[in-house]
Amino acid sequence: MAFYRQLGVIPPKRHTQHRDENGNLYYEELMGEEGFSSDSALLYHRYIPSAIVDATEWELPDQSLTPNHPLKPRHLKLHDLFPEESWADTDVVTGRRLILGNADVRISYVVSKKTSPLYRNVVGDEMVYVESGAATVETVFGPLEAKGGDYVLLPMATTHRWVPKGDEPLRAYVIEANSHIVPPKRYLSKFGQFLEHAPFCERDLHGPTELVQVEEENVEVLVKHRTSKGIVGTRYVVPNHPFDVVGWDGCLYPYTFSIHDYEPITGRVHQPPPSHQAFEGNNFVVCNFVPRKVDYHPLAVPVPYYHSNVDSDEVMFYCGGDYEARKGSGIGQGSISVHPGGHAHGPQPGAYERSIGVEFFDELAVMVDTFRPLELGEGALACEDPAYAGSWNRNREAAK
Numbered sequence: 410m411a412f413y414r415q416l417g418v419i420p421p422k423r424h425t426q427h428r429d430e431n432g433n434l435y436y437e438e439l440m441g442e443e444g445f446s447s448d449s450a451l452l453y454h455r456y457i458p459s460a461i462v463d464a465t466e467w468e469l470p471d472q473s474l475t476p477n478h479p480l481k482p483r484h485l486k487l488h489d490l491f492p493e494e495s496w497a498d499t500d501v502v503t504g505r506r507l508i509l510g511n512a513d514v515r516i517s518y519v520v521s522k523k524t525s526p527l528y529r530n531v532v533g534d535e536m537v538y539v540e541s542g543a544a545t546v547e548t549v550f551g552p553l554e555a556k557g558g559d560y561v562l563l564p565m566a567t568t569h570r571w572v573p574k575g576d577e578p579l580r581a582y583v584i585e586a587n588s589h590i591v592p593p594k595r596y597l598s599k600f601g602q603f604l605e606h607a608p609f610c611e612r613d614l615h616g617p618t619e620l621v622q623v624e625e626e627n628v629e630v631l632v633k634h635r636t637s638k639g640i641v642g643t644r645y646v647v648p649n650h651p652f653d654v655v656g657w658d659g660c661l662y663p664y665t666f667s668i669h670d671y672e673p674i675t676g677r678v679h680q681p682p683p684s685h686q687a688f689e690g691n692n693f694v695v696c697n698f699v700p701r702k703v704d705y706h707p708l709a710v711p712v713p714y715y716h717s718n719v720d721s722d723e724v725m726f727y728c729g730g731d732y733e734a735r736k737g738s739g740i741g742q743g744s745i746s747v748h749p750g751g752h753a754h755g756p757q758p759g760a761y762e763r764s765i766g767v768e769f770f771d772e773l774a775v776m777v778d779t780f781r782p783l784e785l786g787e788g789a790l791a792c793e794d795p796a797y798a799g800s801w802n803r804n805r806e807a808a809k
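With the working numbering, letter number 57 in the sequence shown gets 466, and the count goes up by one each step, no holes.
Just so you know, the hints here were simulated from the structure itself, not pulled from any lab data.
One thing to keep in mind: the hints can contain errors.
DSSO-like cross-link-like pairs, simulated, lysine-lysine; straight-line CA separation at most 30 Å [claimed, not checked]: (1) Lys638 <-> Lys599; (2) Lys594 <-> Lys556; (3) Lys599 <-> Lys422; (4) Lys486 <-> Lys574; (5) Lys522 <-> Lys556; (6) Lys523 <-> Lys481; (7) Lys599 <-> Lys522; (8) Lys594 <-> Lys633; (9) Lys702 <-> Lys736; (10) Lys481 <-> Lys556; (11) Lys556 <-> Lys702; (12) Lys574 <-> Lys522; (13) Lys523 <-> Lys599; (14) Lys422 <-> Lys556; (15) Lys556 <-> Lys574; (16) Lys486 <-> Lys522; (17) Lys481 <-> Lys736; (18) Lys486 <-> Lys633; (19) Lys486 <-> Lys422; (20) Lys574 <-> Lys523; (21) Lys638 <-> Lys422; (22) Lys736 <-> Lys599; (23) Lys481 <-> Lys574; (24) Lys594 <-> Lys523.
DEER-style ranges, computed between Cβ atoms [as the list claims (entries may be wrong)]: (25) Ser459 <-> His752: 27 to 37 Å; (26) Gly766 <-> Phe445: 29 to 39 Å; (27) His606 <-> Pro648: 44 to 54 Å; (28) Pro476 <-> His716: 17 to 27 Å; (29) Ser446 <-> Pro421: 32 to 42 Å; (30) Asn691 <-> Gly730: 29 to 39 Å.
Glycine is no exception: its CB is placed at the ideal position from the N, C-alpha and C atoms.
Given these sequences and hints, build the entire structure.
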């Protein structure tokens, strides 16, 4: 992210003395990516950020994965995973249930009303889409306010916690990378500024605007990290609360981005999925399908043509509106469709014909395309609609 920000008090020159009103030195921390060769931020702490009192194992939620074999398209009903009586005791960090995953990305879902523990993920960046509800995401960089339709981008190793707000539960769709998550390179100048044809720009990214100071001792922080045996968890006890930062600056920080600020790219004929792309990580992309005018060629068929995902698995999370191409399939708000590489898929029976002459689609969906096969987490196995794979076989007249 080439968008520089500064918050709090910092010295006029980096890596130089920075003292409080009593003459005590603040402790400078460089948080950077790719071995000092990419974006970074400098944070100034009141206490030594390296100090720990204790470190023990933290058992992660079930991370097991089952191959999609035999190869089938899947419909997953995420709203079935968390009954209302579970919301008060579930938090966004420890309560998430794994839906899909591979060596590059893991997708989870959670419904929560409980404040999470302090947490940082040092496996990769996290991008959390808030389906509904609201929360304050308290971070070492300062708090972010998130509401329905917001993405929350949390750079790798950002210490944070989720504080749900209001009476409505927080429904969160969590995309965890084994890499960094960034805007597509084709939307950026060679120096990193968003270009004129990009569907969003720096004005749409909202970082922290204030700092939170917390005085507390012997604080627990959950850390997700890698070992040779896979992804594991550690529970730290640190002597002082991590929210002790008095100032920071740089181009690496958490931010929110609303899907409603995404400006869709349209054309005379149907546009392919890359035209909807918003972000990318290593071996996967994230796309936004938002309300938009559709194809205006006089002979256009506005719903997608049938297509084979030769190189990728396609995961669509339906989070609003009325998704025209999936009518008759059972898919609705809170559903996921999984269309794996090697399976030709497209509109449900009747949707192809019904779309002719339609001028506007009122739909909202988040799509993740991966370039390695996805496997099914325990959450997917618990909420699958087994009838979906046969939904294209239904009588065409009955589907109209």
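We went through each hint and held it up to the structure:
1. Simply put, lysine 638 and lysine 599 have alpha-carbon atoms about 38 Å apart, too far for the 30 Å limit, and the pair is violated.
2. Of the pairs offered as hints, the one joining lysine 594 and lysine 556 holds, with about 27 Å between alpha carbons and a cut-off of 30 Å not exceeded.
3. Restraint check for lysine 599 and lysine 422: satisfied, since their Cα atoms lie roughly 27 Å apart, inside the 30 Å limit.
4. For the given pair, lysine 486 sits about 25 Å from lysine 574 by alpha-carbon distance, which is consistent with the 30 Å threshold.
5. Between the alpha carbons of lysine 522 and lysine 556 the distance comes to roughly 14 Å, so the proposed pair stays at or under 30 Å and holds.
6. For the given pair, lysine 523 sits about 36 Å from lysine 481 by alpha-carbon distance, which is inconsistent with the 30 Å threshold.
7. A C-alpha spacing of about 43 Å is found between lysine 599 and lysine 522, which places the hinted pair above 30 Å, so the restraint is violated.
8. Straight-line distance between C-alpha atoms of lysine 594 and lysine 633 comes to about 28 Å, which keeps the hinted pair within the 30 Å bound.
9. Between lysine 702 and lysine 736, the direct Cα distance comes to roughly 19 Å. Compliance with the 30 Å bound is thereby established for this hinted pair.
10. For the given pair, lysine 481 sits about 34 Å from lysine 556 by alpha-carbon distance, which is inconsistent with the 30 Å threshold.
11. At most 30 Å may separate the alpha-carbon atoms for a hinted pair to count; lysine 556 and lysine 702 meet this at roughly 25 Å.
12. Note on lysine 574 and lysine 522: the hinted pairing holds, with a Cα-Cα distance of about 8 Å set against a maximum of 30 Å.
13. The straight-line distance between the Cα atoms of lysine 523 and lysine 599 is roughly 43 Å, outside the 30 Å bound, and the hint therefore fails.
14. Taking the CA atoms of lysine 422 and lysine 556, the gap is about 37 Å. The hint is violated against a cut of 30 Å.
15. Taking the CA atoms of lysine 556 and lysine 574, the gap is about 9 Å. The hint holds against a cut of 30 Å.
16. With a CA separation close to 20 Å, the supplied pair lysine 486 and lysine 522 stays within the 30 Å bound.
17. Annotation: proposed proximity of lysine 481 to lysine 736 holds, straight-line Cα distance about 19 Å (limit 30 Å).
18. The suggested pairing of lysine 486 with lysine 633 holds, with an alpha-carbon distance near 27 Å, which does not exceed 30 Å.
19. Proposed proximity of lysine 486 and lysine 422 is contradicted: the alpha carbons are some 53 Å apart, above 30 Å.
20. Between lysine 574 and lysine 523 the CA atoms are separated by roughly 9 Å; this keeps the pair inside 30 Å, and the hint holds.
21. Between lysine 638 and lysine 422, the direct Cα distance comes to roughly 42 Å. Violation of the 30 Å bound is thereby established for this hinted pair.
22. For the proposed pair lysine 736 and lysine 599, the alpha carbon gap of about 43 Å is over 30 Å, so the pair is violated.
23. Straight-line distance between C-alpha atoms of lysine 481 and lysine 574 comes to about 39 Å, which puts the hinted pair past the 30 Å bound.
24. Using a Cα cut-off of 30 Å, the hinted pair lysine 594 and lysine 523 is violated, with the two alpha carbons roughly 37 Å apart.
25. A hinted range of 27 to 37 Å for the beta carbons of serine 459 and histidine 752 is inconsistent with their spacing of about 49 Å.
26. For the pair glycine 766 and phenylalanine 445, the supplied restraint of 29 to 39 Å is violated, since their beta-carbon distance comes to about 57 Å.
27. Between histidine 606 and proline 648 the Cβ separation comes to about 50 Å, which falls inside the hinted range of 44 to 54 Å.
28. Taken as a hint, the range 17 to 27 Å holds for the pair proline 476 and histidine 716, whose Cβ atoms sit roughly 23 Å apart.
29. About 25 Å separates the C-beta atoms of serine 446 and proline 421, a value inconsistent with the hinted range of 32 to 42 Å.
30. The hinted window of 29 to 39 Å between asparagine 691 and glycine 730 holds, with their beta carbons roughly 30 Å apart.
Consistency note: the structure conflicts with the earlier hints numbered 1, 6, 7, 10, 13, 14, 19, 21, 22, 23, 24, 25, 26 and 29.
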